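Protein sequence lines, in the order shown, are assigned to chains A and B. Each residue of the first sequence is one higher than the last, beginning at 0 in numbering that gives the first Met the number 0. Each residue of the second sequence is one higher than the last, beginning at 0 in numbering that gives the first Met the number 0.
No wet-lab data here; the hints were simulated from the structure. Computed from a prediction, not measured in an experiment: that's the story for all the values here. Be a bit skeptical, because a hint or two may be false.
Because identical chains share one entry, a pair is satisfied inside a single copy or across any pair of copies.
Below, computed lysine-lysine pairings styled on DSS-like, alpha-carbon distance capped at 27 Å [unchecked claim]:
hint, residue 1, residue 2
1, Lys-130, Lys-215
2, Lys-267, Lys-36
3, Lys-158, Lys-143
4, Lys-250, Lys-267
Protein chains: 2
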Amino acid sequence: MDIEEKKSLTSSWFKELRDKFCKEFEIIDGTSFERTKWDHKYEGGGEISLMKGDIFEKVGVNISTVSGEFDNDFKSEVKGTEETPNYWASGISLVAHMHSPKIPAFHFNTRFIVTGDSWFGGGGDLTPTIKPHKEIEFFHNCMKEACDSAHPEYYERYKKACDEYFYLPHRSEARGEGGIFIDHLKTDDWKKDFDFIKEVGLSTFQAITTIVRNLKNESWSNQEKELQLVKRGRYVEFNLLWDRGTAFGIKTGGNTDAILMSMPPSAKWS
Amino acid sequence: MDIEEKKSLTSSWFKELRDKFCKEFEIIDGTSFERTKWDHKYEGGGEISLMKGDIFEKVGVNISTVSGEFDNDFKSEVKGTEETPNYWASGISLVAHMHSPKIPAFHFNTRFIVTGDSWFGGGGDLTPTIKPHKEIEFFHNCMKEACDSAHPEYYERYKKACDEYFYLPHRSEARGEGGIFIDHLKTDDWKKDFDFIKEVGLSTFQAITTIVRNLKNESWSNQEKELQLVKRGRYVEFNLLWDRGTAFGIKTGGNTDAILMSMPPSAKWS
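For reference, chain A alone in the conformation it holds in the complex (with noise of 0.2 Å):
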């Protein structure tokens, strides 16, 4: 399959899966999206579906597909850009912020990357304020089903690199419960690849879903919203301090508000 071929398939991909999403979310929660389109400031460009709801205090889910050539300053830190400073990037990306501190905050997101070489990354994790222990089990076997269908080393590989990587080390804090965390995804087999990330994508749309209908019923007290709020400030200073992702994205000109979507609608600190 030419790379073309690939660049397309993914993201339609991503698409697909983006309206997935946004569907189910607005039937769960009884309110509209709202579709903010971007354009790269090289080439290409995305979509920022928005909704801020009654149980979503405020979800974002974004798709982009995005070209153009890596300054000098980035070149070294991007695989497969020793020959070309050309990329092109594809994905998706989700983020929940909801009003009840009973149900977790979820992340999400997937892509596709060509540069001379081509991988996939991507992931899902949560991040609870007051911890469901059945639901975050729940979720944490949703990945497992996703990584199993790949490869049998796959989740704990990934599992860990979650870990490892949302974690604040200013606080000696984990951001949240974990997840899964791929990157450089690229084996001798693209099909197979790809139908894993695109199981990535379903079990995260099971896994976020079912958690949101269980417990979406459940109330709360002022005392456990004023604990998400202060959680909601550590997951602030993940993204703003070590998210690599983010600080990419803002150093080489990405669109803020896309890169930015992942902030809560609100956030306290002691």
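Given chain A, work out where chain B should sit, using these hints.
Leaving out everything else, chain B in the frame of chain A:
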């Protein structure tokens, strides 16, 4: 004057100024500061004074005197470390976030750094939501008076440096309405440099206390408070994405509570 005497004079001044700020803020607000001592990971430490009052929603004043050795990663970023990795640093840092969106947020710090070289740094600036023109002008005039007491070119130079530093490239926005920003101040007259740094502190004291008293009885709307919370989101973005002091402190294992004392009590993102 030998360097030990300079260390002693500067650290004593920062403590004296801390006491002056805290005492006056307690009179204005009618609330007491709480003090927490902290130890540096190598040597020395500091003291955070924090007040959550009726006018000051959150105001922190931190003083610290620390020493140690720079890791190789950071040595190259700091002046005077060619021959020795040792450093000594003392300073005062103040951040005030007000309940009222009619009163600007204030930031001030001054410091004396000793490596193989030695120099002063610091400054003061303000971040209003609703812009009080008379008070913004008064703030700048106070900064100008401090600068003019030392050198006719300082005000223009340090005002420009402030505008350049407190800028969010990813938003094409200034953080606030400026002030002065001084780095690597070292003339051939240490005593004069120190006098100037003291003047910056005293002028900032005059500016903040006058402006808070001027504006503290003005009422505000919910809509104005919302604007303040969004403005604070930008403040968080600047401090975590772009502020060199924050990144340096966090990544060299500085005291997280002291470094992130600057975080607003609450913030929002749309």
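Using 27 Å as the alpha carbon limit, work out where Lys-158 and Lys-143 are close: within a copy, between copies, both or neither. within (9 Å within a copy, 56 Å between copies)
Alpha-carbon proximity between Lys-250 and Lys-267, which holds within one copy, between copies, both or neither at 27 Å: Both ways: Lys-250 and Lys-267 sit 26 Å apart in one copy and 22 Å across, limit 27 Å.
Taking 27 Å as the upper bound on the Cα-Cα distance, should Lys-130 and Lys-215 be classified as within, between, both, or neither? Answer is within; shortest intra-copy Cα gap is 14 Å, inter-copy 42 Å.
Within, between, both or neither: how does the pair Lys-267, Lys-36 come out at a Cα-Cα threshold of 27 Å? between (30 Å within a copy, 23 Å between copies)
Taken one by one, the earlier hints all hold for this structure without exception.
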